[in-house]
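There are 2 protein chains.
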Amino acid sequence: MAAQYIDFLTLKYLLDKVHGLPSLLQLERYQDHNMESMELFLDAVKEFSDRELFPFFREMDQFPAEFREGEVMVHKQVGVIMKKGGEMGLICGPFDYEIGGLQLPFIVHTAAMYVMDAANNHLPGHLTLTLGAAELITHFGNSDLKETYISKMLSGEWGGTMCLTEPDAGSSLSDITTKAIPQQKGYHLIKGQKIFISGGDYPYVENIVHLVLARIEGAPAGTKGISLFVVPKLRLEGGELVKNDVSTLADFEKMGQRGFATTHLGFGDHNNCRGWLVGEAHQGLKYMFQMMNDARIGVGRGAGAIAMAAYQASLAYARERTQGRKLRSSGKKDPMEKPCLIIEHPDVRRMLLLQKTIAEGSLGLILLAAKYHDLALAKKDSETKKKYEYLLEIITPIVKTYPSEAGARAVSNGLQVLGGYGFCSDYILQQYYRDIRIYSIYEGTTGIQSQDLLGRKVLMDNGKALEFLLNEIHTTITEAIAMDSLIPYAKILGDKIKLIQEVTAYLMPIAKQGDYERFLADATVFMEFMGNLVLGWVWLDIALKAESDLRAKDKTYSTPFYQSKIHAMKFYFKYKLIKTNALADIIMHKDGLTLKAGGDYF
Amino acid sequence: MAAQYIDFLTLKYLLDKVHGLPSLLQLERYQDHNMESMELFLDAVKEFSDRELFPFFREMDQFPAEFREGEVMVHKQVGVIMKKGGEMGLICGPFDYEIGGLQLPFIVHTAAMYVMDAANNHLPGHLTLTLGAAELITHFGNSDLKETYISKMLSGEWGGTMCLTEPDAGSSLSDITTKAIPQQKGYHLIKGQKIFISGGDYPYVENIVHLVLARIEGAPAGTKGISLFVVPKLRLEGGELVKNDVSTLADFEKMGQRGFATTHLGFGDHNNCRGWLVGEAHQGLKYMFQMMNDARIGVGRGAGAIAMAAYQASLAYARERTQGRKLRSSGKKDPMEKPCLIIEHPDVRRMLLLQKTIAEGSLGLILLAAKYHDLALAKKDSETKKKYEYLLEIITPIVKTYPSEAGARAVSNGLQVLGGYGFCSDYILQQYYRDIRIYSIYEGTTGIQSQDLLGRKVLMDNGKALEFLLNEIHTTITEAIAMDSLIPYAKILGDKIKLIQEVTAYLMPIAKQGDYERFLADATVFMEFMGNLVLGWVWLDIALKAESDLRAKDKTYSTPFYQSKIHAMKFYFKYKLIKTNALADIIMHKDGLTLKAGGDYF
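Taken in sequence, the protein lines are chains A and B.
When we follow this note's numbering, the leftmost residue of the first sequence carries the number 14, and every step to the right adds one.
When we follow this note's numbering, the leftmost residue of the second sequence carries the number 14, and every step to the right adds one.
Any given hint could be a false lead.
A pair counts as met if it fits within one copy or between any two copies, since identical chains are not told apart.
[To be verified] With a cut-off of at most 25 Å between alpha-carbon atoms, the simulated SDA-like pairs for lysine to any residue come out as follows:
hint	residue 1	residue 2
1	399	531
2	198	282
3	504	114
4	603	508
5	603	574
6	30	49
7	592	494
8	393	116
9	504	49
10	511	602
11	346	157
12	351	185
13	583	612
14	198	253
15	587	528
16	587	529
17	299	397
18	339	523
19	351	233
20	299	341
21	398	39
22	198	258
23	587	510
24	568	474
No lab work stands behind these hints: they were computed from the structure.
Please read these numbers as outputs of a predicted model, since none were measured by experiment.
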């Protein structure tokens with residue numbers, strides 16, 4: 014298939030020049046890797062995606078996952094990706110050597126998964142869920158659990174899932190009712206149902222290992238009484254795999270991402286479902302949330318990748334499709350003139366630049382979070398470690414949300430570029446449009462991410478995480494001010510930092526007065542504000558590196574390539590960053606219009 | 014079906030109190046109607062929609078229009094709506110008595126169609142297209158054409174379509190190539206293909222009358238060489254209906270509105286397709302565009318109605334679904350407390366209020382345009398007539414665009430209210446989400462509407478139309494200033510009027526210099542600016558009427574009903590109107606970032 018789904022050059026540029034992968038590889042943890050091996054790895058992933066992912070993207074939508082006689086039927090490529098992906102190190106990559114991993118920088122792993130998400134977002138989730146489940150066992154499980162599960166999971170022979178949501182609990186994990194009844198022999202009997210379990214069942218692996226949140230009998234109410242269990246579909250008994258009373262009750266039919274099954278699972282319908290406690294009792298939610306950052310970055314990554322793929326599809330269309338004519342100075346068009354390519358129309362260029370800035374900016378942001386993950390992990394000095402941990406904490410809800418929300422708008426613009434064809438099933442844009450819509454719901458909705466950002470991350474350690482973030486932004490501003498052509502943009506971003514301080518100075522007293530409902534009422538607006546602003550920073554950073562390379566006459570990338578990045582930054586500042594002022598005004602408008610107190614109003 | 018798809022009370026309130034239907038009915042043209050008969054009519058339409066439209070909404074998506082052996086199969090309700098709709102006056106309603114119409118105010122007809130669109134947007138288009146086609150014949154056709162077609166069309170026995178778009182022309186009508194070859198006997202032979210023809214074929218009517226844009230052999234290039242023809246599927250010969258060599262070549266499969274066929278039609282494959290010229294040669298596009306205002310209002314109406322239906326569905330869900338708990342002043346939640354309804358969470362209320370303000374505000378705007386149509390038609394004094402014609406001209410692209418663009422965002426928020434369920438096929442929100450996406454493409458994309466608004470309507474008659482519009486807005490401001498509680502909002506809107514003047518003062522010299530490309534480069538941003546602002550006016554007007562009725566202790570509607578309208582206005586001003594400043598800044602930022610001149614940049 015000749016169609017492009019990714020700007021691979023920009024991906025490499027962001028890794029190499031903007032996020033400084035070469036210097037990251039100097040860290041002890043990554044010393045066995047080098048730029049050449051990393052490029053070979055990414056090239057292999059790209060080639061694999063060209064061959065095994067992208068060609069099946071349309072048909073996984075047309076022939077979605079289907080529930081038949083107690084089993085979920087999914088596309089055969091799910092088997093291919095688990096097998097080949099396992100072999101290629103796409104599950105074990107980020108793990109430590111001692112557990113069978115490759116100690117691959119998370120930023121490189123993230124880039125690899127991004128390529129695959131862009132090629133076919135219905136498939137990589139099978140790998141990342143298996144990775145996440147294995148990570149929980151690795152970090153918190155005892156040696157028995159590790160021995161039984163890890164190598165099978167890292168190789169892709171066994172799959173993994175995360176089972177949090179229940180029919181009546183939704184986003185409210187404190188209401189989980191799945192029960193765990195302690196048994197003599199070191200396991201618990203599990204009883205309950207879980208819904209919205211992505212990749213919860215597929216026939217192409219030997220076994221599926223569910224990481225299940227449940228409440229041990231007698232545990233306290235709320236989130237503090239939740240424990241984490243390993244509950245395999247098949248359990249080992251005398252060296253044999255036998256059924257563990259895990260059943261698939263249904264598959265949710267969805268508007269998009271239809272090839273990636275979303276299942277309803279039953280545990281212990283016949284009182285014979287065994288689960289093994291991970292770590293200590295009642296610590297389940299804590300464990301889960303320690304792993305959640307990566308899962309959330311993964312969601313942002315998936316959404317960002319779809320925005321990228323949609324941008325490539327729109328761009329290709331706009332470069333081929335002729336329609337209409339350029340306006341002449343009279344305001345008229347000359348019908349005798351040949352129709353022009355639609356990419357010459359300013360309105361089409363505006364839509365494409367919007368797509369570009371959101372797609373590439375999101376990618377820059379996603380890789381930045383992955384870099385923080387690497388630095389937090391690989392740095393030895395505890396102060397430095399803490400700094401990157403905090404940066405990761407505060408940026409994660411934004412990395413999850415910005416690509417999901419802005420990405421959906423970017424894809425919608427992309428569909429619009431195609432006009433009526435964009436709405437038609439024969440064109441790929443409508444599938445991206447449907448697929449991307451789930452990302453602002455996955456792993457905590459935008460509303461929940463926003464409460465996390467404002468209610469936890471901004472407040473944590475007396476605002477220390479936010480302080481670290483503002484320092485990072487400030488560093489970029491200082492560097493940009495050294496380049497005269499960037500001074501106006503550096504100044505704008507400097508003003509925006511002051512605006513953040515103004516907004517938080519307004520909000521903090523409300524939190525201190527204990528009026529949390531009001532404090533968090535516009536958390537989602539705060540998220541939009543911060544997301545827009547952080548993207549402005551990401552773009553200034555990209556432009557700064559491009560400008561430096563242009564001045565240094567670095568020929569790694571072409572002059573038009575560097576110029577296009579600077580142009581995109583200018584576009585972003587003009588069309589998007591400017592909106593942060595209005596968002597700040599909304600947040601600082603203390604009227605309680607969305608609080609219940611005043612009346613029903615609907 | 015118990016589910017609500019419309020706030021019928023608000024519809025009646027907007028007609029009665031906000032847009033003053035009683036005084037409209039005083040006009041001579043409408044003197045046979047009164048409020049009672051209008052209410053009975055709307056009640057009958059609502060009852061019809063409850064029974065024959067809404068119950069089939071989901072299944073028309075699940076079993077979409079399908080092309081089989083040269084024919085398009087559509088749901089049987091298409092037949093019901095044509096037959097019953099014809100009988101109920103839903104086609105003939107707005108026509109003059111002399112042609113067989115009811116001289117129904119267009120605002121009432123629009124309200125009726127809105128109810129039906131909200132109930133099932135896959136169906137009413139069959140009626141409105143027939144109406145539009147009949148209107149073209151009525152206005153521009155000779156008596157033979159009128160006699161042959163009108164009564165059959167107004168009764169719904171024959172359907173009608175509009176055939177503009179061609180495979181290679183898209184939005185660029187000047188490139189139309191369908192040929193019309195003059196014959197001796199008063200007709201032309203038609204030869205060509207048309208795509209994206211909504212309701213282009215269905216088996217439940219005797220005949221379908223296509224209004225086709227074509228180029229008479231030897232006609233000049235461009236839009237000035239286009240003529241309009243009546244091309245029936247079956248033509249009358251000796252009192253018999255015989256085939257007219259119109260064939261259905263395909264049906265476009267789409268992401269949404271799948272029950273409303275979008276066809277690809279062939280004319281004259283066997284050189285035996287006859288078309289009858291409507292009006293004069295080479296005037297086709299002019300005729301078409303004289304009817305286009307109503308078609309564009311119809312598109313805005315459809316989108317607004319979907320936003321309304323989605324709002325009702327989200328609201329019902331939020332009133333039933335419990336999840337999570339209110340935050341206490343400690344910032345913690347008490348897990349022993351019962352979960353609350355999600356409508357109590359500020360973020361959910363924010364999303365619902367956003368839906369409400371967009372849905373109800375769009376309805377207010379749509380009805381306003383319909384009222385201008387009525388006043389332009391029914392007023393006798395030529396100056397007054399001109400004023401309303403101009404108001405209709407300038408507001409139409411906004412009425413087409415705002416509900417389509419903002420409506421899609423409202424529906425997306427509505428989907429988000431349902432969390433994961435919103436994405437699932439079992440819930441109705443995802444269908445609204447898919448269906449509404451076509452509206453910003455239909456009948457001229459948002460880009461085209463925006464160029465129409467800024468490039469034609471703002472400039473027309475030296476800015477006279479804009480002047481009329483600003484005067485109207487100013488009248489509302491003056492009235493609002495008389496109510497102390499509304500003064501702050503009246504002042505804000507007053508400032509926005511100045512902002513419009515500032516923006517146009519900035520843009521006009523660019524147009525005068527002949528730099529049309531730059532002048533129109535951000536036309537879409539100008540559209541968003543004007544749309545947001547006009548909605549602010551619509552909401553201030555609604556709040557003004559509500560406040561008056563509250564003060565007058567008018568009990569027609571309840572106190573909480575009036576209060577909810579005032580609250581919605583405040584919400585709209587805080588969350589949406591505020592964004593106009595940034596939009597104005599974007600427009601007044603003269604940098605040509607989207608012009609081609611500087612380089613490729615992608």
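Structure-based check of each hint:
Taking the closest pair of Cα atoms, residue 399 and residue 531 never come within 25 Å of each other, the shortest separation being 31 Å inside a single copy and 50 Å across copies. Taking the shortest alpha-carbon separations for residue 198 and residue 282, only the intra-copy value of 20 Å comes in at or below 25 Å, while the best inter-copy value is 80 Å. Taking the shortest Cα distances, residue 504 and residue 114 never come within 25 Å of each other, neither inside one copy (45 Å) nor across copies (64 Å). For the homomeric pair residue 603 and residue 508, the shortest alpha-carbon distances inside one copy (23 Å) and between copies (21 Å) are both at most 25 Å.
Taking the shortest alpha-carbon separations for residue 603 and residue 574, only the inter-copy value of 24 Å comes in at or below 25 Å, while the best intra-copy value is 45 Å. Taking the shortest Cα distances, residue 30 and residue 49 sit within 25 Å of each other inside one copy (15 Å), while across copies they are farther apart (73 Å). Taking the shortest Cα distances, residue 592 and residue 494 sit within 25 Å of each other inside one copy (23 Å), while across copies they are farther apart (29 Å). In this assembly of identical chains, the alpha carbons of residue 393 and residue 116 lie at most 25 Å apart only when taken from the same copy (16 Å versus 82 Å across copies).
Taking the shortest alpha-carbon separations for residue 504 and residue 49, neither the intra-copy value of 38 Å nor the inter-copy value of 64 Å comes in at or below 25 Å. For the identical chains of this complex, residue 511 and residue 602 are neighbours both inside a copy (18 Å) and across copies (23 Å), given an alpha-carbon limit of 25 Å. In this assembly of identical chains, the alpha carbons of residue 346 and residue 157 never lie at most 25 Å apart, being 76 Å within a copy and 37 Å across copies at closest. In this assembly of identical chains, the alpha carbons of residue 351 and residue 185 lie at most 25 Å apart only when taken from different copies (12 Å versus 59 Å within one copy).
Proximity of residue 583 to residue 612 under the C-alpha cut-off of 25 Å is restricted to the inter-copy arrangement: shortest distance 14 Å between copies versus 45 Å within a copy. For the homomeric pair residue 198 and residue 253, the shortest alpha-carbon distance inside one copy (18 Å) is at most 25 Å, but the shortest distance between copies (87 Å) is not. Taking CA atoms no more than 25 Å apart as the test, residue 587 paired with residue 528 passes between copies only; the shortest distance there is 21 Å, against 36 Å inside one copy. Within a single copy, residue 587 and residue 529 get their C-alpha atoms only as close as 34 Å, which misses the 25 Å cut-off; across copies the closest is 21 Å, which meets it.
Within a single copy, residue 299 and residue 397 get their C-alpha atoms as close as 24 Å, which meets the 25 Å cut-off; across copies the closest is 70 Å, which misses it. In this homomeric assembly, residue 339 and residue 523 come within 25 Å of each other (Cα to Cα) only across copies, at 16 Å, whereas the closest approach inside a single copy is 54 Å. Proximity of residue 351 and residue 233 under a CA criterion of 25 Å is satisfied inter-copy only: 15 Å between copies versus 74 Å inside one chain copy. In this assembly of identical chains, residue 299 and residue 341 lie within 25 Å of each other by CA distance solely across copies; the values are 22 Å between and 64 Å within a copy.
In this homomeric assembly, residue 398 and residue 39 come within 25 Å of each other (Cα to Cα) only inside a single copy, at 16 Å, whereas the closest approach across copies is 77 Å. Only within a single protomer do residue 198 and residue 258 lie at most 25 Å apart by alpha-carbon distance; the minimum there is 18 Å, versus 80 Å between protomers. When the C-alpha separation of residue 587 and residue 510 is checked against a cutoff of 25 Å, the pair qualifies both within a copy, at 17 Å, and between copies, at 23 Å. In this assembly of identical chains, the alpha carbons of residue 568 and residue 474 never lie at most 25 Å apart, being 45 Å within a copy and 55 Å across copies at closest.
The structure shown violates the earlier hints numbered 1, 3, 9, 11 and 24.
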